[in-house]
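Quick mapping for you: the protein sequence lines, in order, are chains A and B. Using numbering that gives the first Met the number 0, you'd call the opening residue of the first sequence number 0 and step up by one each time. Using numbering that gives the first Met the number 0, you'd call the opening residue of the second sequence number 0 and step up by one each time.
It should be emphasised that the hints constitute simulated quantities derived from the structure, not laboratory data. It should be emphasised that the depicted structure is a prediction, and the values quoted were computed from it without experimental measurement. All residues carry an ideal CB built from backbone N, CA and C; glycine is no exception. Watch out, some of these pointers could steer you wrong.
What the hints assert, rightly or not - Selected chain A positions facing chain B (in silico; Cβ < 10 Å):
hint, residue
1, V346
2, P350
3, Y351
4, E455
5, F459
6, T468
7, D469
8, L472
9, I602
10, P606
As the list claims (entries may be wrong) - Ranges between beta-carbon positions, derived for each pair:
hint, chain 1, residue 1, chain 2, residue 2, range
11, B, I61, A, A465, 24 to 30 Å
12, A, Q450, B, W260, 27 to 33 Å
13, B, G279, A, V492, 43 to 49 Å
14, A, P295, B, R147, 48 to 54 Å
15, B, G279, A, P295, 33 to 39 Å
16, A, P295, B, R155, 44 to 50 Å
17, B, E198, A, Q262, 28 to 34 Å
18, B, R147, A, S373, 34 to 40 Å
19, A, V492, B, P48, 44 to 50 Å
20, A, D473, B, G144, 40 to 46 Å
21, B, E198, A, K264, 24 to 30 Å
22, B, N141, A, K209, 27 to 33 Å
23, A, P350, B, G144, 21 to 27 Å
24, B, W260, A, R463, 28 to 34 Å
Said to hold, decoys possible - Straight-line Cα separation of at most 20 Å, SDA-like style, residue types lysine to any residue; simulated pairs:
hint, chain 1, residue 1, chain 2, residue 2
25, A, K348, B, V183
26, A, K348, B, D64
27, B, K257, A, D195
28, B, K227, A, S475
29, B, K227, A, D195
30, A, K479, B, K257
31, A, K479, B, R232
32, B, K204, A, P350
33, B, K204, A, E466
34, A, K443, A, D195
35, B, K227, A, H145
36, A, K479, B, Y173
37, B, K204, A, H145
38, B, K204, A, T327
39, B, K227, A, P474
40, B, K227, A, G478
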Amino acid sequence: MSDNGGAVRIGVYVCHCGTNIAGVVDCRAVAEYGATLPNVVISRDYKYMCSDPGQELIQQDVAAHKLNRVIVASCSPLLHEQTFRSAVAKAGLNPFYFHMVNLREHVSWVHESRTEATRKAQDLLRAAVRRVVFHRPLERHSVGIHPGVLVVGGGIAGIHAALTLANAGKKVYLVEREATIGGYMAKFDKTFPTLDCAACILTPKMSQVKSHPNITLWTYSEVAHVDGFVGNFTVKVLRKPRYVLEDLCSGCLQCVEACVYKQPKFSDEFNYGLGKRKPIYMPFPQATPPVVLIDPETCIQFKSGRCKQTCLQACDRQAISFEQKQFTEEIKVGAIILTTGAQPFDVSKTPYYGYGVYPNVYTSLEVERLVNASGPTGGELILRNGRKPQSVGIIHCVGSRDENTNRWCSRVCCMYSLKLAHLIKERSGAEVFNFYIDMRTPGKYFEEFYQRLLNEGVHFIRGRVAEVTDWVLDPSEEGKMVIRVEDTLIGTVRRIPVDMVVLSVGLEPHADAQEVRRLFNISCSTEGFFLERHPKLAPVETFTDGVFLAGCCQGPKDIPDTVAQAGAAAAEAMKLIDVGKVEMEPNTAYVVEEKCSGCRTCIPLCPYGAITFVHDRNVASINEALCKGCGTCVAACPSGSIKQNLFEDEEIFSEVEGLLQTV
Amino acid sequence: MPADRSHNGDGAKKYVYYPGCSLKSTGLAYEESFLAVFQLLDLPFEELPDWNCCGATSYMDIEEDSAFVLAARNLSLAKSSGATDILAPCSACYLVLRKAEDYHRRYPVIREKVDAALKRARLEPLADNCPHVRHPLEVLYNDVGPERLRAKVSRRWEGGPIACYYGCQVVRPYGEVDNPVNPVRMEELLEAAGIPTIEYGLKTKCCGGSLTGTIHEVGLRLNYVLLKDAHRRGAQAVVTICPLCQFNLDVYQNEIRKDTWPSLDMPILYLTQVLGWVLGADFQALGLHRSVSGRKLIREWFSRKEEESYV
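Produce the complete structure using the sequences and hints provided.
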């Protein structure tokens, strides 16, 4: 029945976790109670069980007291189950003779009454003592890891992660939903706080991605299905038709020139409608891959089927194909890095700031394009009314730090607002007013940049703007927009007339973040950003092994932080791949063949196709490598002949009995 | 809102009208025109018998429990009369009664106090079927609608463009009467009735409320801003749905004229007055003779030109 001789001998260790547990739970009382329970040989409390002395304590006790079961009542298994299993294994016991009780997340962090919390801790301990008696020694098996990595999202995070992996010799698939990689960074003119040219530092990396022998770049593509598990993911990628054959197009743009629309007529997505494009177009000059695409919504050939097809004739490489259909690629990878980014706040949720009502109210991203040398105005700050502004108001925290919209700080807006203020002043000489709640400039050279802007004579008014309006109180306001704000430093309501309003929009999860999250089977926080495994110590891992995160999909962040995180995610993926194999949790199901009646109920129920029927013995058989331990077959088996390691009936029932037993 | 709360089993709505103090005094023209319009649109109702003061927003601030009971007495009377829907045309009445309804439903503590007080007064407790408090604008929009209204129009609008002014209380916080940030239902109804409206950004800004009586200069300034912007955008009259808004904008124009804006003389009308006119009601029946400002324009716009103005 057990190691170290016949009888069950349990050691119980109650962890204080500093004050995390001991602040609410009387750990000494729990340990003393543990000593009174059947089969418990030794019961202790200790300040930090996860520390080296804590682990050594277990190992010494196993030897001294001939323990053959160990229970640690501390934090969540997610955090330290592995730690204690290793400690137990070092002491010479099978690691699955260990069991963990969660006194932190399940008790001290969620309860206030010390008496009640202590009682609950004792109840949970009693249940564990009853359960651990039935634990059996189990063996882990390991499976090989596929060496490829899938990177989802071609912004700066995805680009950096893909290049890091590819340069280390790994095979990378980079999948991007849009027609070009580059993400938001490709839209910026300058980056804060150094004011270096965004395109100059980004586009070389984009071309490297395109030409790297280890990177397969699929733009205009989306991940449609993900199967498998760490080291062995099977991914289906949907490749949308751009109606231009990517391998043939050289990006010469003769087709665009030849389009029956002589002038660009349609709203240009890359410039947020500030510029125009034709139905056949290149998203922007440095688009990667440098391949044009056709928008079937506006192309006459797609709308009526009666176009002269001048583009087709103009292409001497026959790259244009109106018949192109979407298709699916299937790949196998060992790890996945999600760099899907975030979206700017939807300003229609703050109608009081006049976006869409007054033409010269812009979002910050639109202004990025306006001040961009390759933007629709060639970098000149020309408003929708054709004039240059003499006064500009930049409203911070639109869709950030706001009970009514998004509560979080989007982290980048203060700094990009400063950058835009500088660029606007430089390009137009306008008076610039920043309306801020708090200036948040905690980054390398950020505060210095803020000081520089103060010296440049940009105005800073502290207060959340009430509204942008056009009702006038005196003639100086005529023809302008008026920003109404409580200036909280001088304690009065002010009216600032301006020609241009910039809404510094925050970042929020993509509208379809939930679908993406489900696709990759990862968690998200309440606001919808993808959840890292641990906020401090596992910032790029997820709760799904083999799936990593980087960039704004995990939370708003600037370019330096994004790149750092992307590098970290690449390193984690590399670590996984270089180890070459992954140990599987032995929580798999197995068939007790003597009892199996061969009814085959379980076979169609298995989501992983792990169960087959053995005809010569007339029994079901479970492939351990495919079984994920979901327990569906165990519950469904009419004869009770499927069991699951770590979740045997006697283990669960005795745990429940222990929990319900009143002493 | 759940259908079972606004209907009495058989599915038919039965309205009861709660006037409040304003519609019997300064807002008499509102009552007259409201009655006329609802009659012309075949929406029959009776006045709530033995109604009492709603308590207005000030009582709510001073003694909340008593304020809820005071308001709930009206709800209880309405319930006993078999009504499903209470019409409260005054913004303050609407808001206070609607809040009493809402809090009674949501908070057991208030519910118990209110129902116990009603029982002590030998009135019917509100229990699980409190009648629903509604504003006439929302009823006109949802129960009649722009299309049915258009069909009932019998007179062509001869007046100028209108600024629709909602005031602060009707749309917030419940947002049932209209969108709280940018309400548009008045405009939709007027346009359907052939009456031109203007874009009026200040439509939910404060009219000063009771400030015109307490801190007069502040109230007056708010009135000035509202009128000035309506004028600047080409409106020749302002239409309201609140007796206090109407009163503030209407009766202090002489003071604004004196100080800053000599030519100001703008009609401040109720939605039901202009709708009533195009639906065919008479000048007197709509209380149009009661306006203080803009009388010249009012006489011009609302004169009978029977032959040519029938649509």
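Please check whether G279 (chain B) and V492 (chain A) have a Cβ separation lying inside 43 to 49 Å. 46 Å, holds
Could you check the hint for me, namely that R147 (chain B) and S373 (chain A) are 34 to 40 Å apart, CB to CB? 55 Å, violated
Just to be sure I understand the hint, the distance between the Cβ atoms of E198 (chain B) and Q262 (chain A) should be within 28 to 34 Å; is that true here? 32 Å, holds
Quick one, is the E455 (chain A) hint okay against chain B at 10 Å, beta carbons? At 33 Å from the nearest chain B Cβ, E455 (chain A) fails the 10 Å test, so the hint is violated.
So, as I understand it, the hint says Y351 (chain A) touches chain B; can you test that by seeing if any CB pair is closer than 10 Å? Status holds, d = 6 Å.
Going straight from one Cα to the other, do K348 (chain A) and V183 (chain B) come out at no more than 20 Å? 17 Å, holds
Does the Cβ-Cβ separation between P295 (chain A) and R147 (chain B) fall within 48 to 54 Å? Violated: the Cβ-Cβ distance is about 42 Å, outside 48 to 54 Å.
Run the distance test for K204 (chain B) versus T327 (chain A): straight-line Cα separation, threshold 20 Å. 56 Å, violated
Given the hint that K227 (chain B) pairs with P474 (chain A), does the C-alpha gap stay at or below 20 Å? 12 Å, holds
Does P350 (chain A) pass the interface hint, meaning its C-beta sits closer than 10 Å to a C-beta of chain B? 5 Å, holds
K227 (chain B) and H145 (chain A): Cα distance at most 20 Å? Roughly 73 Å separates the two Cα atoms, so the pair is violated.
Can you confirm whether the C-alpha distance between K227 (chain B) and D195 (chain A) stays at or below 20 Å? Violated - the C-alpha atoms of D195 (chain A) and K227 (chain B) are around 48 Å apart, more than 20 Å.
Hints 1, 4, 5, 9, 10, 12, 14, 15, 18, 22, 26, 27, 29, 30, 35, 36, 37 and 38, counting from the list given before, are not met by this structure.
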